[in-house]
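Trainee: The residues making up each chain are set out below.
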Amino acid sequence: MWGVVLRSILGSLPVLLIVSLITFGLMRFSPGDPAAAIAGMSVTSEQLELIRKDLGLDEPFLVQLVKWYGGLLQGNLGRSILMGQDVLEVTMIRLPVTIALSLYALVLTLVLGLASGIIAALRQNTVVDQLAMVFAMIGISVPNFFLGLLMILLFAVHLGWLPTGGYIPLSQDPVGWLRTSTMPALSLALLQMGLLARITRSTMLEVLRQDYIRTARAKGLPSRLVVVKHALTNALIPITTVVGIIISLSISGAVVTESLFSIPGMGQLLTQAVLNRDYPMVQGGLLLTTTFLVLVNILVDIAYALLDPRVRYERS
Amino acid sequence: MNGPDIVAAGRADDAPLEEDFEVAAQRQSPWRMTVRRLLRHRLFLMGLGLCSIILVAGVLAQVITQTDPTRLAMRWRFRAPGQDGFIFGTDNFGRSLWSRVVWGAQLSLYIGFSVVALNAVFGTLIGAAAGYFRRLDNALMRVNDALMAFPAILLAIAITAVLGASTFNAILALSIVYIPRTARIVRASVIVLREMEYVQAAVAAGAGHWRILRRHILPNAMAPLIVQLSFLFAYAVLSEATLSFLGLGAVPPTPTWGNIMAEGRQYLVEAPWIITIPGIALMITVMGLNLLGDGLRDVLDPRLRIQQ
Numbered sequence: 001m002w003g004v005v006l007r008s009i010l011g012s013l014p015v016l017l018i019v020s021l022i023t024f025g026l027m028r029f030s031p032g033d034p035a036a037a038i039a040g041m042s043v044t045s046e047q048l049e050l051i052r053k054d055l056g057l058d059e060p061f062l063v064q065l066v067k068w069y070g071g072l073l074q075g076n077l078g079r080s081i082l083m084g085q086d087v088l089e090v091t092m093i094r095l096p097v098t099i100a101l102s103l104y105a106l107v108l109t110l111v112l113g114l115a116s117g118i119i120a121a122l123r124q125n126t127v128v129d130q131l132a133m134v135f136a137m138i139g140i141s142v143p144n145f146f147l148g149l150l151m152i153l154l155f156a157v158h159l160g161w162l163p164t165g166g167y168i169p170l171s172q173d174p175v176g177w178l179r180t181s182t183m184p185a186l187s188l189a190l191l192q193m194g195l196l197a198r199i200t201r202s203t204m205l206e207v208l209r210q211d212y213i214r215t216a217r218a219k220g221l222p223s224r225l226v227v228v229k230h231a232l233t234n235a236l237i238p239i240t241t242v243v244g245i246i247i248s249l250s251i252s253g254a255v256v257t258e259s260l261f262s263i264p265g266m267g268q269l270l271t272q273a274v275l276n277r278d279y280p281m282v283q284g285g286l287l288l289t290t291t292f293l294v295l296v297n298i299l300v301d302i303a304y305a306l307l308d309p310r311v312r313y314e315r316s
Numbered sequence: 001m002n003g004p005d006i007v008a009a010g011r012a013d014d015a016p017l018e019e020d021f022e023v024a025a026q027r028q029s030p031w032r033m034t035v036r037r038l039l040r041h042r043l044f045l046m047g048l049g050l051c052s053i054i055l056v057a058g059v060l061a062q063v064i065t066q067t068d069p070t071r072l073a074m075r076w077r078f079r080a081p082g083q084d085g086f087i088f089g090t091d092n093f094g095r096s097l098w099s100r101v102v103w104g105a106q107l108s109l110y111i112g113f114s115v116v117a118l119n120a121v122f123g124t125l126i127g128a129a130a131g132y133f134r135r136l137d138n139a140l141m142r143v144n145d146a147l148m149a150f151p152a153i154l155l156a157i158a159i160t161a162v163l164g165a166s167t168f169n170a171i172l173a174l175s176i177v178y179i180p181r182t183a184r185i186v187r188a189s190v191i192v193l194r195e196m197e198y199v200q201a202a203v204a205a206g207a208g209h210w211r212i213l214r215r216h217i218l219p220n221a222m223a224p225l226i227v228q229l230s231f232l233f234a235y236a237v238l239s240e241a242t243l244s245f246l247g248l249g250a251v252p253p254t255p256t257w258g259n260i261m262a263e264g265r266q267y268l269v270e271a272p273w274i275i276t277i278p279g280i281a282l283m284i285t286v287m288g289l290n291l292l293g294d295g296l297r298d299v300l301d302p303r304l305r306i307q308q
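Each protein sequence line maps, in turn, to chains A and B.
Take the first sequence: its position 230, counted from the start at 1, is 230 in this note's numbering, and no numbers get skipped.
Take the second sequence: its position 272, counted from the start at 1, is 272 in this note's numbering, and no numbers get skipped.
Because the hints were derived from the structure by calculation, they are not lab data.
Don't take each hint at face value.
Each pair of labels, with its calculated beta carbon distance range [as the list claims (entries may be wrong)]:
1) B:T34 - A:L221: 38 to 46 Å
2) B:E197 - A:R7: 27 to 35 Å
3) B:V121 - A:K229: 47 to 55 Å
4) B:T34 - A:I245: 27 to 35 Å
5) A:L295 - B:R211: 40 to 48 Å
6) B:N138 - A:V128: 42 to 50 Å
Not everything, but these chain A residues come out facing chain B in the computed CB check (under 7 Å) [said to hold, decoys possible]:
7) P14
8) S141
9) F146
10) V157
11) S252
12) V255
13) T271
14) V274
15) L286
Covered, in the sense of this in silico footprint (three residues per stretch, anywhere, with C-beta under 8 Å from a C-beta of chain A), are these stretches of chain B [unchecked claim]:
16) 183 to 195
17) 240 to 247
18) 266 to 273
19) 278 to 285
Just so it is clear, CB atoms sit at the ideal spot from N, CA and C, and this is done for glycine as well.
The following block holds chain A by itself, in its conformation from the complex (with noise of 0.2 Å):
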């Protein structure tokens, strides 16, 4: 089991390092000046050189590639231009906002993506498969802001049940967080749901048709336990793999749905910090998100061999 879990961990380091490189080699072999474009048009030549060096765009790259790793190993990951504040300090502020919704979602498509995968499975060649399967097609099919200006329109304006946006944190009113996230929520769910059924459906029909399936069936056992105890654990352990990629969608489906919502998370941010040019926290909201994401996928692994005694034997 711990083999399992030191594999992961040392298999992501490599790729949290390149991951730092690129964030790193993305601003600093952008084609022409970042100070100037930071500065904007009308600037002194002054002006750019401050920018430069508050950037540390004058040093040699290898000097500015030591301190982009010394600074990360310290947690600075230096100045937002945009709002003069440590970019790690707001991060921490915006990605739990980013978090809570991106959750919000993940219940939703992991209640409702399964539930139509598995009843489309066991209904295989019904109205209700192919009712389940066509909703699916429209989830992965519909971009999440056409479906959440829809529910804007739907449910804020013409029926007024819901905010058109803005956000309560969950700490200070739960009910007022549920009024503000679930269209944004739901949204961002959309597609990670019809991916989930899909593939919830296809998993589960492979299950089922195997002899051991048969052998329960056999046995006498009811229809209920069959399916849930001797089917559906196995078709689950697949589809646990599908989980870091589902958060992975909705943290970059965040990004649209939070500018639309006018949600204070990380993809509003990043989109502000990217139209501003802001490249310090375009840099380090980037690295950071995605180093969440892989800390997430590691603990995906980490499930995944619990949840399947094969691969635990078979690595450790």
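Fit chain B to the known structure of chain A by using the hints.
Mentor: Relative to the frame of chain A, chain B by itself:
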């Protein structure tokens, strides 16, 4: 009577055996068989139909639109679809949405095709190199893994942030984001094929690496690649729309579905058609491509087939 004759005698000449059919089927070119199976796949045909609508609109944009999609005509602002002869209505600047959405189709297709083409070339090169040459595998795949660790859209917006917003840069950013995913799929096929006996035979016969890859491995790795590319087309169109919705794609006034919707956001209540029409066009495209991908996967890659 000797052996074979008995067999021949025991069999009525006018009733061919089942094997004969199989032999006949095998004689057909695999391409024709694939096409025939695809044409019998209902969902594939539906996808083909949806994609054709967009393809025709995009290709014939010049012919089927009368007005310049960027021409402002303030006195025609906010015409609802069908009003005053505007099929899809007009936007806040009085520009014809029909024109804008049709030209947007052309741009979406252009970007989608470009990303797919770049993926086909570089994804295959990187995937084949990593899968075939064991020494390159580790290095290439670590970089690949790192690029795939970034959330896709986030990396794309960071790249466009650095390069600046434009159509070309959107293509470049989306290619950088998706090529590692394509490379991974090609690599997986190549690793399996590399160990096949016929490849070993080719090695033994003295064939060079290039010849083995080109003649023996890559043709057999095409099926999963084609399936991937059709889904990739859908992702690329969707991601481009997202980028331009955020103001990071083609620069206005060039119409893209994403930036039309971004502008329409402010007039959600007065003129909901400004977002609905490009949204539906986008949905038709992505759904059509997804259905095509499903069909291709069912026919080309039986291992991945969802049992019907």
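Trainee: Are the hints correct? Go through all of them and say.
Mentor: The hints, checked one at a time:
| no. | hint | in the structure |
| --- | --- | --- |
| 1 | B:T34 - A:L221: 38 to 46 Å | holds (42 Å) |
| 2 | B:E197 - A:R7: 27 to 35 Å | holds (33 Å) |
| 3 | B:V121 - A:K229: 47 to 55 Å | holds (49 Å) |
| 4 | B:T34 - A:I245: 27 to 35 Å | holds (30 Å) |
| 5 | A:L295 - B:R211: 40 to 48 Å | holds (45 Å) |
| 6 | B:N138 - A:V128: 42 to 50 Å | holds (47 Å) |
| 7 | P14 | holds (5 Å) |
| 8 | S141 | holds (4 Å) |
| 9 | F146 | holds (4 Å) |
| 10 | V157 | holds (6 Å) |
| 11 | S252 | holds (4 Å) |
| 12 | V255 | holds (5 Å) |
| 13 | T271 | holds (6 Å) |
| 14 | V274 | holds (4 Å) |
| 15 | L286 | holds (5 Å) |
| 16 | 183 to 195 | violated (count 0) |
| 17 | 240 to 247 | holds (count 5) |
| 18 | 266 to 273 | holds (count 3) |
| 19 | 278 to 285 | holds (count 3) |
Of the numbered hints stated above, the single one contradicted by the structure is hint 16.
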